[in-house]
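Enquirer: Got chain A sorted already, so can you dock chain B onto it with the hints?
The listed protein sequences derive, respectively, from chains A and B. To convert, note that position 9 of the first sequence is 9 in our numbering; the numbers rise steadily by one, no gaps. To convert, note that position 172 of the second sequence is 172 in our numbering; the numbers rise steadily by one, no gaps.
Simulated from the structure, these hints should not be mistaken for laboratory data. C-beta atoms are modelled at their ideal positions from N, C-alpha and C, and glycine is treated no differently. The reader is advised that the hints may include incorrect statements.
Unchecked claim - Per the computed footprint, the stretches of chain B lying under chain A, defined by three or more beta-carbons under 8 Å from a beta-carbon of chain A, are: (1) 372-385; (2) 489-495.
What the hints assert, rightly or not - Within a straight-line C-alpha distance of at most 20 Å, the following computed SDA-like cross-link-like pairs (lysine to any residue) qualify: (3) A:K13 / B:L22; (4) A:K137 / A:R111; (5) A:K137 / A:I173; (6) A:K13 / B:G364; (7) A:K13 / B:A373; (8) A:K137 / A:D80; (9) A:K137 / A:D86; (10) A:K137 / A:V165; (11) A:K13 / B:G314; (12) A:K137 / A:L119; (13) A:K13 / B:A525; (14) A:K137 / B:G364; (15) A:K13 / A:A25; (16) A:K13 / A:G55; (17) A:K137 / A:R171; (18) A:K13 / B:G20; (19) A:K13 / A:G26; (20) A:K137 / A:L121; (21) A:K137 / B:R313; (22) A:K13 / B:T524; (23) A:K137 / B:V36; (24) A:K137 / A:V162; (25) A:K13 / B:G21; (26) A:K13 / A:A2; (27) A:K137 / A:L169; (28) A:K13 / B:R25; (29) A:K137 / B:A373; (30) A:K137 / A:G102; (31) A:K13 / B:T527; (32) A:K137 / B:G314.
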Amino acid sequence: MALRGLVKRFEAKTAVAGVDLDVPAGSFFGLLGPNGAGKTTTLSMAVGLLRPDGGDIRVLGHDVWRDPVRAKSLIGVLPDGARLFDRLSGGELLAYHGLLRGMDPRVVDQRAAELLDVLALGTDNRTLVVDYSAGMKKKIGLACALLHGPRLLVLDEPFEAVDPVSASLIRDILQRYVSGGGTVIFSSHVMEVVERLCSHVAIMAEGAIRRSGTLAEVRGEDSLEHVFVSVVGGRTATGSELAWL
Amino acid sequence: MAVNAGPGTFIRLKLRVTAGGLRGRTGRVLLFVLGVLVALFLAIAGYLIFALPGFLDDPRAAATLFTLGGGALVLGWLLLPLVFFGVDESLDPSRFALLPLPRRVLVRGLFAAALTGVPAVAMLLATAGMVHAAALLGGVPAAATQMLGVLLGLFLCVAASRAVTSAFATALRSRRARDMATVLFALLAAMIGPLQVALAAGAQRADWDRVARLADVVAWTPLGAAFSMGPDVVDGRAWAVPVKLVIALASLGLLLWWWASSLEKAMLGLAVSGGRGRTAGQSRPMVEQLLVGALPRNRSGALISREIRYWWRGTRRRASLITFAVLGVFLPIVLSSGNGAVTMLPFVGVVAAISLANQFGYEGAAYASHIVAGVPGRVELRTRAAGLSVYVIPLLIVVAVLGSLITGEQARTAALLGSLLAAYGLGLAVALPISVRGAYALPDTTNPFATSSGAGMAKGLMTLGAMVVAFVGALPLQLADFLVGDVWLVLGLPVGVAYGAAAFWAGSTLAGAMLDRRMPEVLTAVTPNR
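For reference, chain A alone in the conformation it holds in the complex (with noise of 0.2 Å):
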């Protein structure tokens, strides 16, 4: 995936300012960023759920804003908070989306029964989505960016409120996705689990990208959160504020 001169104003503020971003093929990429950074906003323009307002965005070489249905096919995503039709049950869910991308019923039918016992979700389970726990939630919606199986999956903040036991499972899932061949991009702002996935970081700061490369060009000899709070330009305590703590 590339992108160039990603730009997207809100109103008044400028959300993405001119973001230029290569994410090789195959390489399992992390995006970092404060709250606010421009994470969110920038992979929404990337999979065509918002129209930049200037920039280019190409997916395996296909633009996705010019050419959106041979792009779209080729991603899956995982979009923030509960943007899924949460009013199905998981298996409902996932039928639905197999069949909105035109996949063949039979395939449908075996690829989400593997997904959700992978997953822990269970195949009799007929709670709707609705009343998931948030670690569930997060699963179903990776199970439905999978199911069409992507050469790119596009995660917006894959990891966030989801319990341990359910993130080691996906990590699981992730890395074996990128070691068959597979490109992932996942925004964050967990260090810790950054740092073990990727291979690729940027970091991203009010809209625009900071740093990015390989990890280890990223981090050089320091740790990836020293960088981080250094190039996003947080301050440290130094002890003598909140002395009332």
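Expert: The following block gives chain B in isolation, referenced to the frame of chain A:
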């Protein structure tokens, strides 16, 4: 920590939320201003009507008008939010759940905030006409009493609308209760029907005394008690005032208590509705679980199936479906008492289609998954219309049969169904483009009647506009019915179906092309808090 959040805090919060909702959105500001102007017009008209008995120096008319007019206002506040507008829930009670607020403070604050709105102010303005009339008729004592009554009446109206919508929201949330709600609605409909017939029969005899006697009775019920206090002073029946004061205050207290108790349930929210997880006996393939009946195992089949399930599973959609069903059953009964029965009935078809006018708002951000999957606009809109039709078309058949039975013109059933279907098709043709251009986000609450600030106005106006357009569009059929005569009994159904289908085809093609160009914009519009 001591909490002293007086009503003023809540009012300021409400004003700020309203202003925040309008900031930087020219369209919304325009709609808001338009709504204010309409409300102002109605308020002034109401003022003049209520003040009229004062100018005419007719205390008897004042007593009748105040009682019945006031009673009608209370009923309006009670029923209109349920059917049409929804209540402005800019201050969602569940947001206050974590704050250490005693129930009294919360209810008082939310009540004050509910009073701070265009409808409440308009109502106060209109009923001020009663004070004017009372002053002309009975001087200062009457005016002061009436002012008290008008204020009490306003409080009663607001409390009634809040209590009823809140109670309904709580009731419709749980699955077990929804059947109860359906029965309740049907009962309500059954009650309104005969009442309307009786009223119409009474009006036809034009018996002024009878109306006055009715007013005398209503004056002692919570509906009219508050409003009839001024005329009592004018007539020298000052002893009635304290009694009516007690009636009005007691009903206000009861309503507030009812509201407070359902508020608490609303604040607990989803925590109550847990334990719904269940496991099916045997595991069916996922695709079979999703698809309804014999729908094709492809994209359209999946889209229609989801729509069908959503009309029943989503609280908002269910509320609008039930409302429509009730309307469909009792409108024929009501209309049959007048002369315009058969000409007005096709309106039901338009009303059915209007529930799609903000169809994208129902699921909010979930629409993202359609964009990601690349569902074409035309497929999107047609499958959505098909999903609704699964519920609406049987209902329209019922309406046609009921309507012709009641008017005693069984021969017209087919022609009537034709007009209904034509009106439905036209309604869809109008509602679909609106749903693409005018989509707006609904607040993320479980109250199906809640709309965001300002949006209630927008919804009302848009619905009205769509109805007018569809109604005008249906006129040619009515005209043909009138001119062609008996041949229409045979031609009505096929021509109506063809007319409706053509309108739907044109509307969905137009709206589909619009949606293809605007998918991300629609998503942004329906995503809450953006």
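Enquirer: Does each hint hold? Answer for all of them.
Expert: Hints, one by one, checked against the model:
1. 372-385: holds (count 4)
2. 489-495: violated (count 0)
3. A:K13 / B:L22: holds (17 Å)
4. A:K137 / A:R111: Within the cut-off at roughly 18 Å; holds.
5. A:K137 / A:I173: holds (16 Å)
6. A:K13 / B:G364: Answer violated: A:K13 to B:G364 is near 24 Å, above 20 Å.
7. A:K13 / B:A373: The hint is violated at about 30 Å.
8. A:K137 / A:D80: Holds: A:K137 and A:D80 sit about 11 Å apart, inside 20 Å.
9. A:K137 / A:D86: Holds, at roughly 9 Å.
10. A:K137 / A:V165: The hint holds at about 14 Å.
11. A:K13 / B:G314: violated (35 Å)
12. A:K137 / A:L119: Judged against 20 Å, a Cα distance of about 11 Å means the pair holds.
13. A:K13 / B:A525: holds (18 Å)
14. A:K137 / B:G364: Given pair A:K137, B:G364 holds - Cα atoms ~17 Å apart, limit 20 Å.
15. A:K13 / A:A25: With a Cα-Cα distance of about 33 Å, the restraint between A:K13 and A:A25 is violated, given a limit of 20 Å.
16. A:K13 / A:G55: Holds, because 18 Å separates the two Cα atoms, which is no more than 20 Å.
17. A:K137 / A:R171: Given pair A:K137, A:R171 holds - Cα atoms ~16 Å apart, limit 20 Å.
18. A:K13 / B:G20: holds (16 Å)
19. A:K13 / A:G26: violated (34 Å)
20. A:K137 / A:L121: Given that 20 Å is the threshold and the Cα spacing comes to 10 Å, the pair holds.
21. A:K137 / B:R313: Holds, at about 18 Å.
22. A:K13 / B:T524: holds (16 Å)
23. A:K137 / B:V36: It is violated: about 43 Å lies between the C-alpha atoms, which goes past 20 Å.
24. A:K137 / A:V162: Distance ~9 Å between A:K137 and A:V162 Cα, so the pair holds.
25. A:K13 / B:G21: Holds, at about 17 Å.
26. A:K13 / A:A2: With Cα atoms ~24 Å apart, A:K13 and A:A2 exceed 20 Å; violated.
27. A:K137 / A:L169: Given pair A:K137, A:L169 holds - Cα atoms ~14 Å apart, limit 20 Å.
28. A:K13 / B:R25: holds (15 Å)
29. A:K137 / B:A373: holds (19 Å)
30. A:K137 / A:G102: Not OK: A:K137 and A:G102 at ~23 Å, beyond 20 Å, violated.
31. A:K13 / B:T527: It holds: about 18 Å lies between the C-alpha atoms, which stays within 20 Å.
32. A:K137 / B:G314: holds (18 Å)
Hint check: violations occur at hints 2, 6, 7, 11, 15, 19, 23, 26, 30; the rest are consistent with the structure.
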